[in-house]
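> The lines below spell out each chain.
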Amino acid sequence: MSATGSELIPRHGNGARVTHWAVAIVFTFLFLSGLALFSPFFFWLSYVLGGGALMRFLHPMAGAALVAIFYPYAALLVGDNRWLPNDSRWVAHMSAYMRKEHPDIGETHKYNAGQKLMFWSMVPIIGTLAVTGVLLWQPWFAPHFSAGARRAAGLIHSVCAFIMFVGIGIHVYAAIWTAGSINAMIRGTVTRAWARFHHPAWEREVTRKEGR
Amino acid sequence: MALMSLDVLQQSASTSTPPQARTTLEVAKLIDISRCIGCKACQSACMEWNDLRDEVGVTEGFYTNPPDLSDQSWTLMRFNEQVIYGRLQWLILKDGCYHCEDPGCLKACPAPGAILQYANGIVDFQQEHCIGCGYCTAGCPFNVPRLSGKDSKVYKCTLCSDRIAVGLEPACVKACPTGAIGFGSKEDMLFQAEHRLVDLVERGFAKAAIYDPKGVGGTHVVLVLPHGDRPEAYGLPANPRVGPVLQAWRSGLARAAGVATMFAVLAAGILHYMRHGPLEVPPEGDQEVKP
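First to last, the sequence lines map onto chains A and B. Note that the first sequence covers residues 0 to 211 in numbering that gives the first Met the number 0. Note that the second sequence covers residues 0 to 290 in numbering that gives the first Met the number 0.
Note that these hints are calculated values from the structure, not bench results. Since the structure is predicted, the reported quantities are computational estimates derived from the model, not experimental observations. One thing to keep in mind: the hints can contain errors.
[Unchecked claim] Now the in silico label distances, taken between C-beta atoms and shown as ranges:
1. B:Ala256 / A:Arg203: 21 to 27 Å
2. B:Glu279 / A:Arg88: 48 to 54 Å
3. A:Glu106 / B:Leu270: 29 to 35 Å
4. B:Thr260 / A:Gly4: 38 to 44 Å
5. A:Gly4 / B:Ser13: 55 to 61 Å
6. A:Leu75 / B:Thr58: 29 to 35 Å
7. B:Ala256 / A:Arg88: 51 to 57 Å
[Said to hold, decoys possible] Calculated from the model, a selection of chain A residues having no Cβ within reach of chain B, i.e. all distances over 12 Å:
8. Gly4
9. Leu53
10. His58
11. Val66
12. Val77
13. Val158
14. Ile169
15. Gly179
16. Glu209
[Stated by the list, open to error] Here are some, though not all, of the chain A residues that point toward chain B, as calculated from beta-carbon distances under 7 Å:
17. Phe42
18. Leu44
19. Tyr46
20. Leu134
21. Pro138
22. Phe140
23. Ala146
24. Cys159
25. Phe161
26. Ala174
Beta carbons: idealized from backbone N, C-alpha and C, even for Gly.
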């Protein structure tokens, strides 16, 4: 057990990791610049993000970049994020899981239900942010929409941005909390023991493929 | 501030309150549409004083020229063609900023100090602080501010704040040959407007009315409309207001709620980690515990 337990197995490929961090960097810029535009309490962020006018210009550009990077990435991950009957069981036991009470939540595949919820919330939220963002995008697109439509777009854009922040906040915290997962996203590997503990069904599948 | 004699009442996206110790007279421009002959002297005067030159366009079959307000046209005579009592009439609107008491543009603006409201009621844009987001154009209930494609700054009528600061009347007022545009304290202008109404009613405009919409707290450009029951016929909104969507999007409460949510997520993470610590793979020999 100990020999196999500390052995490293690949979890995230090179492409997936690079894409993940590209999304993370673009999101960070979008979130901080969006925050500066949302509240005067945070307008000082614009001074470290190129100045108000340049930051305002870059924000929608970064938004377009996020869409261009995120959706192909999501297409890559969608297969492993299909909702399985077991996932509902995970959700039912989520609070016990968060208290580390090791509830019987069944076999977890590559992603657990929490990760899948994150995935399936980001897909429509980023889409909504993109669509409402186009309505607000000066000077090219916004002039084609009425003031009323742009006010509504602004409100929806802000609400979605906060839902996204809550989602990403949970995602980042879960990665910090689950020891070993940040390293998995940096170096791409996890120990066999980690895989067996957190994602047993996935670990068996990896082993089966290796055996072939 | 830019002009010391124009004390600031409100500034956009500010976390501090401007000095409020002094109060000044509230000013207003009074436009009596019944006296307007459509000569466009006000438009020319505005261009002259502010040194603006709009593009020379093409006629579109209307007397309105240029076709719309722009970053170069801060006031515009709109010749609204209406059939009234079986006759085609021009309901001329001298369009431009109405200088709302409760300005939607200022509420919408995310750039600190890019939009100021002076104590005398003038709402003025400070282009050097403008970041070009165009939120003011979404927040304005009158569709007035225009974003320039050239420099991504927003422009509109300043009510000649630079002239008023040195005791002059606005350029359009000075140029008007019929006295259709007046300028003075808001109180005086409303008093004059009441007199104009009496005249108009005597002349048969029974529905004449003063346009000083309460939905935006009143305006500092007050109109006398001969057909006061139909402001839409002049191209004016019947009940302009800041509105619940803009309130929800840009109000201090919404901002505070948003920022509080953010700190709540941060706090929840810190507290959870303090209480439970990291989720680690159990030591070997403890493997019968199934996650």
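> Would you mind marking each hint as holding or not holding in the structure?
Verification of the hints:
A hinted range of 21 to 27 Å is violated for the C-beta pair Ala256 (chain B) and Arg203 (chain A), which are about 46 Å apart. At roughly 23 Å, the beta-carbon separation of Glu279 (chain B) and Arg88 (chain A) lies outside the given 48 to 54 Å, and the hint is violated. For Glu106 (chain A) paired with Leu270 (chain B), a C-beta distance near 31 Å keeps the hint of 29 to 35 Å intact. A C-beta distance of roughly 41 Å is found between Thr260 (chain B) and Gly4 (chain A), which places it inside the suggested range of 38 to 44 Å.
Gly4 (chain A) and Ser13 (chain B) have their C-beta atoms about 59 Å apart, which keeps the hinted 55 to 61 Å range intact. A hinted range of 29 to 35 Å for the beta carbons of Leu75 (chain A) and Thr58 (chain B) is inconsistent with their spacing of about 57 Å. A beta carbon spacing of about 34 Å between Ala256 (chain B) and Arg88 (chain A) contradicts the range 51 to 57 Å that was offered as a hint. In this structure Gly4 (chain A) is not separated from chain B by more than 12 Å, as the shortest Cβ-Cβ distance comes to only about 6 Å.
The Cβ of Leu53 (chain A) does not lie farther than 12 Å from every Cβ of chain B; its closest approach is about 9 Å, which violates its non-interface assignment. Under the 12 Å C-beta cut-off, the non-interface status given to His58 (chain A) relative to chain B is violated; the minimum distance is some 9 Å. Interface exclusion of Val66 (chain A) from chain B stands, the closest Cβ pair being 20 Å apart, more than 12 Å. Every CB of chain B is more than 12 Å from the CB of Val77 (chain A) (nearest about 24 Å), matching its label as outside the interface.
Chain B draws Val158 (chain A) into its interface by the beta-carbon criterion, the shortest separation being 9 Å against a cut-off of 12 Å. A beta-carbon of chain B comes within 12 Å of the beta-carbon of Ile169 (chain A); the shortest separation is about 7 Å. At the 12 Å boundary, the C-beta of Gly179 (chain A) falls inside the reach of chain B, the nearest C-beta of that chain being 7 Å off. Every C-beta of chain B lies more than 12 Å from that of Glu209 (chain A), the closest at about 20 Å, which supports listing it as non-interface.
With a cut of 7 Å, the hint placing Phe42 (chain A) at the interface with chain B holds, because the nearest CB-to-CB distance is about 6 Å. Interface restraint check for Leu44 (chain A): the shortest CB-CB distance to chain B comes to about 11 Å, outside 7 Å, so the restraint is violated. With a least beta-carbon distance of about 11 Å to chain B, the hint placing Tyr46 (chain A) at the interface is violated under the 7 Å criterion. About 9 Å separates the beta-carbon of Leu134 (chain A) from the nearest beta-carbon of chain B, more than 7 Å, and the hint is not met.
The criterion of a C-beta within 7 Å of any C-beta in chain B is met by Pro138 (chain A), whose closest approach is roughly 5 Å, and the hint holds. Hint status for Phe140 (chain A): violated, given a least beta-carbon distance of 10 Å to chain B, over 7 Å. Satisfaction of the interface hint for Ala146 (chain A) is found here, the shortest Cβ-Cβ separation to chain B being roughly 5 Å, below the 7 Å cut-off. Interface hint status for Cys159 (chain A): violated, as the beta-carbon distance to the closest one in chain B is roughly 12 Å, over 7 Å.
About 5 Å separates the beta-carbon of Phe161 (chain A) from the nearest beta-carbon of chain B, less than 7 Å, and the hint is met. Because the smallest distance between the Cβ of Ala174 (chain A) and any Cβ of chain B comes to about 11 Å, over 7 Å, the interface hint for this residue is violated.
The earlier numbered hints that this structure contradicts are 1, 2, 6, 7, 8, 9, 10, 13, 14, 15, 18, 19, 20, 22, 24 and 26.
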